[in-house]
Amino acid sequence: MDTVSESVWTDRVEAATETIRTGQMEQAEPQAAPRLGQDLDRAVQSDAPDATGDAVFEVEDLNVYYGDFRAVQDATFTVYKREITAMIGPSGCGKTSVLRCFNRMNDLIPTARVEGRLDFHNVPIYDPRVDPVEVRRRIGMVFQKPNPFPKSVYDNIAFGPRVTGMAKKKSDLDDIVERSLGRSALWDEVKDRLKDSALGLSGGQQQRLCIARAIAVDPDVLLMDEPCSALDPIATTRIEDLMQEIKDDYTIVIVTHNMQQAARISNRTAFFTAQLDSTNDQRCGLLVEYDRTETIFSNPSDERTENYVTGRFG
Amino acid sequence: MAKARLIGDRTNKMMVQAMERRATDVRGRVFHVTLLVTLLISLFILAVLIVDVVIDSWGFLTGRPGGFLSGTMRSLSDDPKLGVHQALVGTFWIAVFVAVLAFPIGIGAAIWLEEYALKNWFTRFIELNIRNLAGVPSIVYGLLGLFLFVKSLEGLTGGKSIASAGITLAILVLPIVIITAQEAIRAVPQGLKEGAYGVGATKWTMIRSQVLPYAAPGIFTGTLLSMSRGIGEAAPLLLVGAVSGRLGSDSGFFDLSSVTAEHFMAMPVIIVEWVQNSGRDPGFAEAAAAAIVVLLVFVILMNAAAIILRNHFEKKRG
Chain A
1 MDTVSESVWT DRVEAATETI RTGQMEQAEP QAAPRLGQDL DRAVQSDAPD ATGDAVFEVE
61 DLNVYYGDFR AVQDATFTVY KREITAMIGP SGCGKTSVLR CFNRMNDLIP TARVEGRLDF
121 HNVPIYDPRV DPVEVRRRIG MVFQKPNPFP KSVYDNIAFG PRVTGMAKKK SDLDDIVERS
181 LGRSALWDEV KDRLKDSALG LSGGQQQRLC IARAIAVDPD VLLMDEPCSA LDPIATTRIE
241 DLMQEIKDDY TIVIVTHNMQ QAARISNRTA FFTAQLDSTN DQRCGLLVEY DRTETIFSNP
301 SDERTENYVT GRFG
Chain B
1 MAKARLIGDR TNKMMVQAME RRATDVRGRV FHVTLLVTLL ISLFILAVLI VDVVIDSWGF
61 LTGRPGGFLS GTMRSLSDDP KLGVHQALVG TFWIAVFVAV LAFPIGIGAA IWLEEYALKN
121 WFTRFIELNI RNLAGVPSIV YGLLGLFLFV KSLEGLTGGK SIASAGITLA ILVLPIVIIT
181 AQEAIRAVPQ GLKEGAYGVG ATKWTMIRSQ VLPYAAPGIF TGTLLSMSRG IGEAAPLLLV
241 GAVSGRLGSD SGFFDLSSVT AEHFMAMPVI IVEWVQNSGR DPGFAEAAAA AIVVLLVFVI
301 LMNAAAIILR NHFEKKRG
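So the sequences go chain by chain: A and B.
Per this note's numbering, residue 1 is the first one in the first sequence, and the count goes up by one each step.
Per this note's numbering, residue 1 is the first one in the second sequence, and the count goes up by one each step.
These are computed hints drawn from the structure, not numbers from a lab.
For glycine and all other residues, C-beta sits at the position ideal for the given N, C-alpha and C.
There could be a bad hint or two in this list.
As the list claims (entries may be wrong) - Pairs of lysine to any residue, SDA-like flavour, derived with a Cα cap of 20 Å:
hint, chain 1, residue 1, chain 2, residue 2
1, B, K119, A, K247
2, A, K247, A, L99
3, A, K145, B, G191
4, A, K151, B, K316
5, A, K151, B, K119
6, B, K203, B, A187
7, A, K145, B, V211
Claimed, not checked - Some but not every residue of chain B turned toward chain A, in silico, with C-beta under 8 Å:
hint, residue
8, E194
9, Q210
10, Y214
Said to hold, decoys possible - Quick list of the computed label-pair ranges, beta carbon to beta carbon:
hint, chain 1, residue 1, chain 2, residue 2, range
11, B, Q17, A, P110, 54 to 64 Å
12, A, Q260, B, L40, 57 to 67 Å
13, B, A305, A, P90, 33 to 43 Å
Bound conformation, chain B alone:
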């Protein structure tokens, strides 16, 4: 019966009719609109947050933009020398620690897992644990930092110092660096590897000349994004000793002695601190908003660097 109708359908007229009947795909439309709404919701929330922070901080930032960056911690919000300089220095050095420690170790581990490790239960177990570590709450890393770097290795790190905080955050982002680098390395086409092996390249030459250049854009994007996440963390820093009081003299950006000096400040912590202070001194709410804007700009600059690096390596990739 169905067959008979099919044959009947094959007259020119009926085919034309069938093709001209443009039924509206209701379910497809609904799906399309739903996707758009989800995107708009997330963009809307983000926009509200940013606008709110910028409005709150407007007076502070326009009042004395340079002074806020070079000023230091003060006990009153209307102190003309109030500013985020110590926190910026702390966050800058923490970022340096993350870059110097987490990137080479993480990328190295990723190369080993993808190119050298045998695919057996042991490496699967390791990979599973790396994925789990990426989901461990940051406060747990703070505890690790407190016991290991602040207490046990005090001689090396100087106790509650930027060094302790930097190493702690490096370990915090390490699993994410490994996972993103692994994904970038896995995306290298097998044909490139075989092509390199085919003309007599050793494994090391193959990795250096094919895998790393091809995976570089992905590796850089992933690692720098994970660093932006890391430097926004406040919880672990509170545990490893970021404090508002008893800060040493305000050091310059490139004063290496500040790295192991007792006590330090970082951008996320200064925000927490000032929000807490806003109870007794409402002016600190504005100061906190201004500090958030500074941290946002810091992170945006780093992401911009990630994009520039990625484009550079993609162009080299050809």
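Chain A on its own, in the form it takes in the complex:
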């Protein structure tokens, strides 16, 4: 960004914002990922040819503050298209804070402040001209606790398409509902109770309903904030299988406390830790290492990562 003159930058923001609005992200000009100039990134790309130029999120020196408290310090990494990226680390390491930056969910916290670069398909999503509502439409989110609306199963799925004006006709809505529930492997279980309250479903079903609700608006990315932490192992397995099935169509970023889960499902893993700042005695989240998941779990380059993934810490 420093190398680009102000006017060129402005043009790019406009073009990219327009791209987001019109939904033609596939035609976005190829992104020059290497300009990040990070050793880590180059390493990642050298053994991951599938990912070259397919950056979805580019994060550079991201800092998240809540009031005076710095929750995340200088995180830099890249999320690639059609991959599952896991963020792991102990409690309070800032992984959820980073995740909530991706769809500007942090905007809902009045004291939250985000600094640094966070580009989504080349669009700086914290630019004042970017509409957070549109960002959230493109970047769906599944929450830690299943949060179905107190409406019928059908209305839960149809909510997004309705409010975003995607589908006006009943038949289109029916289509979207069936397709979304089908993709989230829930259709067979609920097809006879579409009119029943979603609150009557089991916890695992509710979470799959929330995934269906998120993909009903056809997002580009799915953010998942510990989606299985409130579920039993069987329901967890179903969600993990589901993620494997839909990752061909969606880029997924998942925060998880469960290292085995990260190892099982993700292509890349970011390990965060909480570091004590000696100047003000506060703990601040720090991205320690980001690499292919095999590397993080079998051959990490940082000692802290190794200690964590082998269970000696955290």
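Given chain A, put chain B in place with the hints provided.
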């Protein structure tokens, strides 16, 4: 030493003994009984009041139940045309004013405070003042009504009219409406809001589709209860001109001209009036008791409406 005893305790026999020793929890019992007594005291007082009023009014209400509702103000308590019709009309229209003015304004203010306002010293100051306003004596609102609506805005309200009284009482209950609506809105789970935002809802859509339906039962209960409180107020109405004499012709319930007509009557005021009259004409004591029963039924009907509405919205909430 303590540790040693603990280990000693762990023999099967001693554990069984310890668990079988069901000591009576004296303090817990006392607390339990005290709570029950406080409840019974309040219920007892309420029951005495109601029974007393019903007994006093029995002759009046059973003597001519329909006639009392359709009758009007009279100077003698044994006048067969004595009744509360003018007061019922006045109270009905005051309730309409409160509903039309206080509810939308109060609920709107509550939504702004909870969902839009930045949490800074200014909004905290506003909220503090709303809480203080809820505790201001009703006679103060009566003074406000007298100066603002009866005198300054006479052209609009018709002076000492039902309109002035209705607006005054709407302002009286407004702080309570705001506070109860705020509490109902605050109880909406954050997860629902985030879920709506997460699929691309705008703030307005989120509020309309999630916050309001979820908060509706609480909002309706709170606002209707505050209205019941408001229509029982006599003091502010005395100031804004509820009078017994010089009432115009007895108008029907839906005669809009009565709203801005000079002078009116309302249920709480007629009760005050008749209690005062009972000095010279003891029959008015019974009439006042009968009017109290009518007002009680009015309020109970409104609370019943509140419960029905709440259940309706709760069912919709799922």
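Here is how each hint holds up against the structure:
1. B:K119 / A:K247: violated, 40 Å
2. A:K247 / A:L99: Measuring from Cα to Cα gives roughly 18 Å; hence the hint holds.
3. A:K145 / B:G191: holds, 8 Å
4. A:K151 / B:K316: Roughly 8 Å separates the two Cα atoms, so the pair holds.
5. A:K151 / B:K119: Not OK: A:K151 and B:K119 at ~31 Å, beyond 20 Å, violated.
6. B:K203 / B:A187: holds, 17 Å
7. A:K145 / B:V211: holds, 19 Å
8. E194: Because about 6 Å separates B:E194 from the closest Cβ in chain A, which is inside the 8 Å limit, the hint holds.
9. Q210: holds, 7 Å
10. Y214: holds, 7 Å
11. B:Q17 / A:P110: 54 to 64 Å: holds, 58 Å
12. A:Q260 / B:L40: 57 to 67 Å: This hint holds: roughly 59 Å between Cβ atoms.
13. B:A305 / A:P90: 33 to 43 Å: About 54 Å separates the Cβ atoms of B:A305 and A:P90, which means 33 to 43 Å is violated.
Checked against the numbered hints given earlier, this structure breaks hints 1, 5 and 13; the rest are met.
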